[in-house]
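Sequences and hints are given; from them, build the entire structure.
4 protein chains.
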Amino acid sequence: MNYDNFIDWFQQGSVAIPKLLLQNYKNLNLNEEEFMVVLQVLNFIESGNTFPTPTELSSNMTLSTTRCTEILRHLLQKGYLAIEEDYHEKSIIVEKYSLKPLWVKLFHYLMSETIEQEKTVVQREEQ
Amino acid sequence: MNYDNFIDWFQQGSVAIPKLLLQNYKNLNLNEEEFMVVLQVLNFIESGNTFPTPTELSSNMTLSTTRCTEILRHLLQKGYLAIEEDYHEKSIIVEKYSLKPLWVKLFHYLMSETIEQEKTVVQREEQ
Amino acid sequence: MNYDNFIDWFQQGSVAIPKLLLQNYKNLNLNEEEFMVVLQVLNFIESGNTFPTPTELSSNMTLSTTRCTEILRHLLQKGYLAIEEDYHEKSIIVEKYSLKPLWVKLFHYLMSETIEQEKTVVQREEQ
Amino acid sequence: MNYDNFIDWFQQGSVAIPKLLLQNYKNLNLNEEEFMVVLQVLNFIESGNTFPTPTELSSNMTLSTTRCTEILRHLLQKGYLAIEEDYHEKSIIVEKYSLKPLWVKLFHYLMSETIEQEKTVVQREEQ
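Protein chains in written order, with this note's numbering: chain A, 1 to 127; chain B, 1 to 127; chain C, 1 to 127; chain D, 1 to 127.
For the record, the hints were derived by calculation from the structure and aren't laboratory data.
All figures in this text were calculated on a predicted structure; none of them were measured in a lab.
Treat the hints with care, since some could be wrong.
For identical chains, the list gives no copy identity; a pair is met inside one copy or between any two copies.
Unchecked claim - Keeping only pairs whose Cα atoms sit at most 25 Å apart, straight-line, the calculated DSS-like set for lysine-lysine is: (1) Lys26 <-> Lys100; (2) Lys19 <-> Lys105; (3) Lys19 <-> Lys78; (4) Lys100 <-> Lys19.
So, in C-alpha cells, the structure goes:
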C-alpha cells in the first residue's frame, strides 16, 4: 500500500453532470434506475468506452445484466439515447451511444415550461 | 421565448461527480435510489443549499417525501452522510450535510481491495 | 501524515469549466492571464466565497494584488463580469460576482459565427 | 439560427478541474500561461484528442504555435507532463499526453506542506 494508489484514484477525475438534468430527469419521465443507467453510459463514454455493453453497465450497478438490457432498450425506443456510427481510420465502423436525444427532450421540456409560465403571467395581467 | 432562457439554463453549471464513486457505490452497499439521494444532496450543496429537506429532495425525484426521509435516515445511521454545524456571523448555528463519511468509506474499500489484490499476487508468486 | 489528508484533498472536488469557454475565451478577446482571473473567481464562488478580494485571487496566482485589481477592473468595465447584490436574512446586503455577462458574450459570439457560416454556405450555393 | 445550435453547444459539456490544482499551480512553479497550456491539453484529452499538436493548442489560445511548442517542451522536461504509448488494435502505436506527473508533483507538494505544518505545531507545543 503506498501513495501511488491515491494518485491513481485521484487521477480518474470526475464526470460533469448538468444540474438541469439532475433537477429535471423526473419531468422527462425517467425514474432513478433509468437515470442511473444514463449516468453510467455517460461515465463509460467519458472514460473512453463509447458503447458499453449491458454487462459492463451492470458491473457498476446493483441491477442485473437482463435489467440493464431492458432499460437500455427502453431508453433507445423512447428516444432518450441514440446509437450513432463513427467511421475510424481504414473505414472500420464503430457504434457509439449519443445522449443528444436526451438534451433535445430536456430543452423541449424547459421551453414548454417557460411558455406555460409566460401564459400564466399574461392571463393574470388580463384579469 | 428568447435567448435569455438559454443563457440562464447554461449558467446553472454542472456537478462534478468523481468517477470512482459512480464505479463503486455498489461496492459500498448503496443501491440506485440511495445513491441518487446522495447525488441530490450534493446537487443542493453545490447550489448553495447545504441542508435540503426531504421535501426539497423529493421535488427532484420520483420518490415520495416519506421515502426520502427513510433513505436520509438510513444514510445517516449507516455512516454515509453526517450533519455538521457551522457557526455564521453573530453565532447563528447552521446545520449542513457532509459527505466526508462517504469518501472515508470509499477509500477504506479501495484500500482493502488493493491489499487483497497484492496478497493474491504474492500467493501466485509463491506457488 | 496519514490517509485523512488524502480524503480531505479528494473531498475538495472540482470546478466544471464549460469546454466552449476554454475553446473561445480568445475569441472573446481575453488573454490567458485575464481568463485565469475569471477561473479563479469561479473557483472562489464554487467554494462559497462569492466576492473574493484581489488579495485572495492573487494568493492563488503568480500575479500581484495590483495586477489582479487592474484585471478585475478591466473585466468589469468591458462587461465580462458584473457585481450583483444579494439580500440575506435581516436585510444585510451581500455583494457577489456574476459571470452572466461572460455567458452572454459567449453566446453572442457563437451566434454571430453561426450566422456567418450560414451566409457563406448560401453564397456558395448561389454561385 | 435555431435551437439546434444551443443543444449542440450545451452538449459539449465541461472539463472538471480539481480545485486543488487551481489553488496550487503557483506552488508547483507554473505561471498562468503554462497552466493554461495544461488546461488546454486536458480539454483536448477529454474531447477525445489525446495528443494535440502545438498548432491545435495555439488555435484556442492567444499564444503562437512557437510559444506553445516551447511551453510543451518545458512541461515535458520539468516533469509536469509525460508522453505515453498506447497499443491499439492491430498493434498501431498511439502517443498520448499523461498528466500523471502533475498529480505526483501536486501530492508531493501537499504532503511536504502538511509535514511542515505538523512540525510547526510540535515545535510550538514544545516551547
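To see whether the hints hold, each was checked on the structure:
1. For the homomeric pair lysine 26 and lysine 100, the shortest alpha-carbon distance inside one copy (18 Å) is at most 25 Å, but the shortest distance between copies (27 Å) is not.
2. Proximity of lysine 19 to lysine 105 under the C-alpha cut-off of 25 Å is found in both arrangements, the shortest distances being 15 Å within a copy and 22 Å between copies.
3. For the identical chains of this complex, lysine 19 and lysine 78 are intra-copy neighbours only, at 22 Å inside a copy versus 27 Å across copies, given an alpha-carbon limit of 25 Å.
4. When the C-alpha separation of lysine 100 and lysine 19 is checked against a cutoff of 25 Å, the pair qualifies both within a copy, at 16 Å, and between copies, at 17 Å.
Consistency with the previously given hints is maintained throughout, with no hint failing.
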